[in-house]
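Engineer: Residues per chain, in single letters:
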Amino acid sequence: MSSNGFAVQKIVSAIVSDVGRVLLGKERQVQLALACLLSKGHLLIEDLPGMGKTTLAHALAQVLGLSYKRVQFTSDMLPADILGVSIFDRESGQFRFHEGPVFSQVLLADEINRSSPKTQSALLEAMEERQVSADGETRQLPQPFFVIATQNPLQQSGTFTLPESQLDRFLMRISLGYPPREAERALYLGADPRRQLAEIKPRIDSNTLKKMQHLVGQVKTSESLLDYLERLVLHTRRSPDCAVGLSPRGALALLCAAKAWALIHNRGHVLPEDIQAVLPSVAGHRLQSDGGNGDQLVERLMRQVDIIAA
Amino acid sequence: MASAREWLPRESLVWIFAAQFVALLPQCTQLPLWIPFTWAFAVYWRLEVFRGRRDLPGRPLKLLVTLLAIAGLALSYQNWFALEPMVALLALSFTLKNLELVNRRDAFVSLLLAYFVAATLFVREQTIPFAVYGLLCVVVITAALAAQLGRPSAHPRRALGLSTRLLAQATPLMLLLFVAVPRLGPLWSVPQDTSTGRTGVSDSMAPGDFTRLSRSGKPVLRIAFDGPIPPPEQRYWRGLVYSEFDGRTWRQGFAVDPRNGGRVYWNSGERPLPQVGPRYRYQVIQEASHAPWLFALARPDSDSAGVGTTDDDRLVKRTPVFNRFAYEVRSWPRGSRGATVPLSSAERRRNLQLPPSGNARTREWMERLRRQGLDASAISAQLLARYNREFTYTLSPPALGSDSVDAFLFDSRQGFCEHFAGSYVFAMRAAGVPARVVAGYQGGEWVSGEEYLLVREYDAHAWAEIWHHGRGWQRVDPTAAVSPERVRDGLESAAGAEFMQDALLPWHRVDILVKLRLQWDRINYRWYQTVVSFDQDRQRDYLLRLLGEISPLRMALLFLVPMAVVLLGLLLWIWRGGQGRKLPPAERLYDKFCRRMARAGLVRSTGETPRDYAQRIIEARPQLAALARRVTDAFERAAYGEDQTAQKALRKLLRWRLVLPGSIQDARHGQAPTEH
Numbered sequence: 001m002s003s004n005g006f007a008v009q010k011i012v013s014a015i016v017s018d019v020g021r022v023l024l025g026k027e028r029q030v031q032l033a034l035a036c037l038l039s040k041g042h043l044l045i046e047d048l049p050g051m052g053k054t055t056l057a058h059a060l061a062q063v064l065g066l067s068y069k070r071v072q073f074t075s076d077m078l079p080a081d082i083l084g085v086s087i088f089d090r091e092s093g094q095f096r097f098h099e100g101p102v103f104s105q106v107l108l109a110d111e112i113n114r115s116s117p118k119t120q121s122a123l124l125e126a127m128e129e130r131q132v133s134a135d136g137e138t139r140q141l142p143q144p145f146f147v148i149a150t151q152n153p154l155q156q157s158g159t160f161t162l163p164e165s166q167l168d169r170f171l172m173r174i175s176l177g178y179p180p181r182e183a184e185r186a187l188y189l190g191a192d193p194r195r196q197l198a199e200i201k202p203r204i205d206s207n208t209l210k211k212m213q214h215l216v217g218q219v220k221t222s223e224s225l226l227d228y229l230e231r232l233v234l235h236t237r238r239s240p241d242c243a244v245g246l247s248p249r250g251a252l253a254l255l256c257a258a259k260a261w262a263l264i265h266n267r268g269h270v271l272p273e274d275i276q277a278v279l280p281s282v283a284g285h286r287l288q289s290d291g292g293n294g295d296q297l298v299e300r301l302m303r304q305v306d307i308i309a310a
Numbered sequence: 001m002a003s004a005r006e007w008l009p010r011e012s013l014v015w016i017f018a019a020q021f022v023a024l025l026p027q028c029t030q031l032p033l034w035i036p037f038t039w040a041f042a043v044y045w046r047l048e049v050f051r052g053r054r055d056l057p058g059r060p061l062k063l064l065v066t067l068l069a070i071a072g073l074a075l076s077y078q079n080w081f082a083l084e085p086m087v088a089l090l091a092l093s094f095t096l097k098n099l100e101l102v103n104r105r106d107a108f109v110s111l112l113l114a115y116f117v118a119a120t121l122f123v124r125e126q127t128i129p130f131a132v133y134g135l136l137c138v139v140v141i142t143a144a145l146a147a148q149l150g151r152p153s154a155h156p157r158r159a160l161g162l163s164t165r166l167l168a169q170a171t172p173l174m175l176l177l178f179v180a181v182p183r184l185g186p187l188w189s190v191p192q193d194t195s196t197g198r199t200g201v202s203d204s205m206a207p208g209d210f211t212r213l214s215r216s217g218k219p220v221l222r223i224a225f226d227g228p229i230p231p232p233e234q235r236y237w238r239g240l241v242y243s244e245f246d247g248r249t250w251r252q253g254f255a256v257d258p259r260n261g262g263r264v265y266w267n268s269g270e271r272p273l274p275q276v277g278p279r280y281r282y283q284v285i286q287e288a289s290h291a292p293w294l295f296a297l298a299r300p301d302s303d304s305a306g307v308g309t310t311d312d313d314r315l316v317k318r319t320p321v322f323n324r325f326a327y328e329v330r331s332w333p334r335g336s337r338g339a340t341v342p343l344s345s346a347e348r349r350r351n352l353q354l355p356p357s358g359n360a361r362t363r364e365w366m367e368r369l370r371r372q373g374l375d376a377s378a379i380s381a382q383l384l385a386r387y388n389r390e391f392t393y394t395l396s397p398p399a400l401g402s403d404s405v406d407a408f409l410f411d412s413r414q415g416f417c418e419h420f421a422g423s424y425v426f427a428m429r430a431a432g433v434p435a436r437v438v439a440g441y442q443g444g445e446w447v448s449g450e451e452y453l454l455v456r457e458y459d460a461h462a463w464a465e466i467w468h469h470g471r472g473w474q475r476v477d478p479t480a481a482v483s484p485e486r487v488r489d490g491l492e493s494a495a496g497a498e499f500m501q502d503a504l505l506p507w508h509r510v511d512i513l514v515k516l517r518l519q520w521d522r523i524n525y526r527w528y529q530t531v532v533s534f535d536q537d538r539q540r541d542y543l544l545r546l547l548g549e550i551s552p553l554r555m556a557l558l559f560l561v562p563m564a565v566v567l568l569g570l571l572l573w574i575w576r577g578g579q580g581r582k583l584p585p586a587e588r589l590y591d592k593f594c595r596r597m598a599r600a601g602l603v604r605s606t607g608e609t610p611r612d613y614a615q616r617i618i619e620a621r622p623q624l625a626a627l628a629r630r631v632t633d634a635f636e637r638a639a640y641g642e643d644q645t646a647q648k649a650l651r652k653l654l655r656w657r658l659v660l661p662g663s664i665q666d667a668r669h670g671q672a673p674t675e676h
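As given, the protein sequences belong to chains A and V, one line each in that order. For the first sequence, position 126 matches number 126 in my numbering, and the numbering has no gaps at all. For the second sequence, position 105 matches number 105 in my numbering, and the numbering has no gaps at all.
Check the hints yourself; a few may be wrong.
To be verified - Below 27 angstroms or equal to it, Euclidean Cα-Cα: the simulated DSS-like pairs (lysine-lysine) are:
1) Lys118(A) to Lys210(A)
2) Lys220(A) to Lys201(A)
3) Lys220(A) to Lys62(V)
4) Lys220(A) to Lys652(V)
To be verified - Facing chain A, from chain V, some residues (calculated, C-beta under 10 angstroms):
5) Glu6
6) Trp7
7) Glu11
8) Phe178
9) Ala180
10) Trp446
11) Ser448
12) Gly449
13) Glu450
14) Leu583
15) Arg604
16) Thr606
17) Arg611
If you are wondering where the hints come from, they were derived from the structure by calculation, not from laboratory data. Note that CB positions come from ideal geometry on N, CA and C, so glycine has one too.
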């Protein structure tokens, strides 16, 4: 799709290759993260420490040319550490609000599940409403606003479980996994990733990002595709495997992410492939099952629901 | 008066008027001219009301209009108890209903009336074009009913579509009812107020009458034989006997005409029938003639209702033939009869009657022959020989003077069948031999093999019968003496260039048109045979054939079995519909592709996307790669890009069964490539 005078495809491949230079062999994850941001969603990256979560988040923020702040979540963090505090200004004789790190276009919330639920929920309003209420005053966050959070797997010590309400606010949850062999070898041989990270130049500005987000909304979804989506969603709600089915917000997220995926792949309409591509990331953390985790559920879901109605 | 909210919207009104127009249109030619005008005026008024320029008429005005209308009807028709005034009354009340067309209820009343008005069409005509028109009426009226449901359904295409669908769904029921519902006697036997428009052979014969008939190619009789068929020279369809001559015109006369003292035997068996079986059995379908006489071969007898026989071996109908009428006839040709009863003196007197004076030369000549001591056959032979020698058969004979027989026999010597028959009978009577003129039709044309004989107006013919002692009445056709081909081959070959000379265009010379006309006649004949003449007797026959016997149980089965079948089908359909929605076209086409591939051993697994599937096909069957790619691409664009041209392309791709040859080939090579 090359409408509005600029080639989405070109930009996308530039971004992916830029980020890919830092995060070797993870093109698909980069694309997913990009799709998430293009559909105005927050991204949760879950993996073991040292897999490049922070690098990805960092690289993305940088390549998109957005102002970003990073917060390292710890167990003793308080909401004010994120949102900001009012401090008495002696000169003017009144309280002045000192904006916290949340007042930026990209908030990197590192190891989000290491903080207490109280602090986690401080992010809730910011993520959903894109505004912050402190001291009885509501302040708008800058546009666009993304939270890219990373978390360690729940089995790790010193973690709090993210509440479902919080999880639901992340459009996607992706995990990186070990890099492929060649990529890892290249990693050994290559230069210092940190320096490379610093070398990443912004490829777009926030205006272009806005245009691209607008284009996502214009990707066509046919009746047949919506039928498929509907079948998928209904299946999660009816299947005995799933304890909780996909919520309407989840379904919308799925659709929106699929549209972004289609746009990234230079198509004006959504294909079932697009839905299947984003389904594990979008639905994996939303579905719960009695046995097995969400990812296995999603696998089964894709196998059980047919593309065309039988 | 209804509140403004309930007033009929514009599209309702337009539809109602359209339905009324369609229903009234064929009546226009029959109704008094002022009724269509009244309709137009009522419609105009109603439209003015719709525009808000006028009010609906009040009670006094409506009363006045009604009275005026009734007065108009009274003035237009003398005879009240007849069909036409009743149809006119219906049309008129239908028309005036427009003046109180306010809400939906009125609309329904008007449209239901329209069905009746449309049905009165069949009182007059039951031919195929009228039936088709009647069907059109029903479609339009039903569409108008559908249009009353609201604005969206008033859209012409939707309303007509709905109407057509409804009627199509009703067709099986209609057929069932047609076959099974008890037939009342002819509903149309209400007297019709028409004495005009008589066609065909009339009850009198003056010179020139038959010449007029010879110019018309209109069908009159259609005769289908059951068993032996009489040879062409025996095909004399007797209809009328003229025994009274006034010097110019031949008439039936007293005691011959059933309306004038002629005896008619209405019940079969009342008149003794010959002991031997009948030689010919046939069914005659007669076109409307507005006269009571029917046509049959000599010595006929009929069991059909309302048909009687007369003393002079003719068939008559109780009421005039206003519509096509079918009757079954058995005939005993005269030669096959045994001894006959002697001629009664009254009959003898009647068949020797001559005007007191006139035509002296003929009388003189006959007197001479009689004085020579010749008997009836010898005189007849002399006369026929004279015809043969000196006379010419022509369709345009010269005018004859007051002594028409003399002028014909001795001066002009050219004429048409009526001249020959008239002069022959006159001469025979003058010679003291009882004789009479018989009129009817002669010959006929076979339609589609020998399915039935088509007799037309121009087959009208007049011939003679003379009385022989001991042999009874014998047919003599003087025309045959002059022009044997008239009797053998019909008028066209006898008259040659004169045939249908006055026709505007010589259609009868164009072979293909003649054939087409015969074809059309055959279709009409079948239509009449199967549909229009489906009366009580035929219904019984048909049901007997269908059911074996007519019992309440079997009748109930006849109704219940089709209904049960239909309901079960409906149930199945609904049940299937509940199972899953109908696939959108693109998906249906893709499903077809998948099924073909499955037959070739490549089953698409559930949840497998078209691209993955295509990839798998390409890997397993490289020869199908192009097809798989194109189908997948077209399907994706059609189903997900909602691209209409892609859908067409997909349909085209799947029309050709390109898959099969490859798959068969593969099957022959073994399944190995698929497996790994």
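Engineer: Against this structure, judge whether each hint is valid.
Structural biologist: Hints, verified against the model:
A C-alpha spacing of about 32 angstroms is found between Lys118(A) and Lys210(A), which places the hinted pair above 27 angstroms, so the restraint is violated. Distance restraint check for Lys220(A) and Lys201(A): the Cα-Cα separation of roughly 32 angstroms exceeds the 27 angstroms cut-off, and the hinted pair is therefore not satisfied. At most 27 angstroms may separate the alpha-carbon atoms for a hinted pair to count; Lys220(A) and Lys62(V) exceed this at roughly 63 angstroms. Distance hint between Lys220(A) and Lys652(V) is fulfilled; the C-alpha atoms sit about 25 angstroms from each other, no more than 27 angstroms.
Violation of the interface hint for Glu6(V) is found here, the shortest Cβ-Cβ separation to chain A being roughly 39 angstroms, above the 10 angstroms cut-off. Because the smallest distance between the Cβ of Trp7(V) and any Cβ of chain A comes to about 40 angstroms, over 10 angstroms, the interface hint for this residue is violated. A cut of 10 angstroms between beta carbons decides the hint on Glu11(V): the least distance to chain A is about 31 angstroms, and the hint is violated. Using the Cβ-Cβ criterion of 10 angstroms, the hint placing Phe178(V) at the interface with chain A is not satisfied: the shortest such distance is roughly 43 angstroms.
Interface restraint check: Ala180(V) against chain A, minimum CB-CB distance 43 angstroms, threshold 10 angstroms, status violated. Among the interface hints, the one on Trp446(V) is violated; its C-beta lies about 62 angstroms from the nearest C-beta in chain A, farther than the 10 angstroms criterion. Hint status for Ser448(V) relative to chain A: violated, with the closest Cβ pair at about 54 angstroms, above 10 angstroms. The criterion of a C-beta within 10 angstroms of any C-beta in chain A is not met by Gly449(V), whose closest approach is roughly 56 angstroms, and the hint is violated.
For Glu450(V), the shortest C-beta to C-beta distance to chain A is roughly 60 angstroms, which exceeds 10 angstroms, and the interface hint is violated. Taking 10 angstroms as the C-beta contact cut-off toward chain A, the hint placing Leu583(V) at the interface holds, the least distance being around 6 angstroms. For Arg604(V), the shortest C-beta to C-beta distance to chain A is roughly 9 angstroms, which falls under 10 angstroms, so the interface hint holds. At about 5 angstroms, the closest approach between the beta carbon of Thr606(V) and any beta carbon in chain A falls short of 10 angstroms, and the interface hint on this residue holds.
Taking 10 angstroms as the C-beta cut-off, the interface hint given for Arg611(V) holds, the closest approach to chain A being about 6 angstroms.
The structure shown violates the earlier hints numbered 1, 2, 3, 5, 6, 7, 8, 9, 10, 11, 12 and 13.
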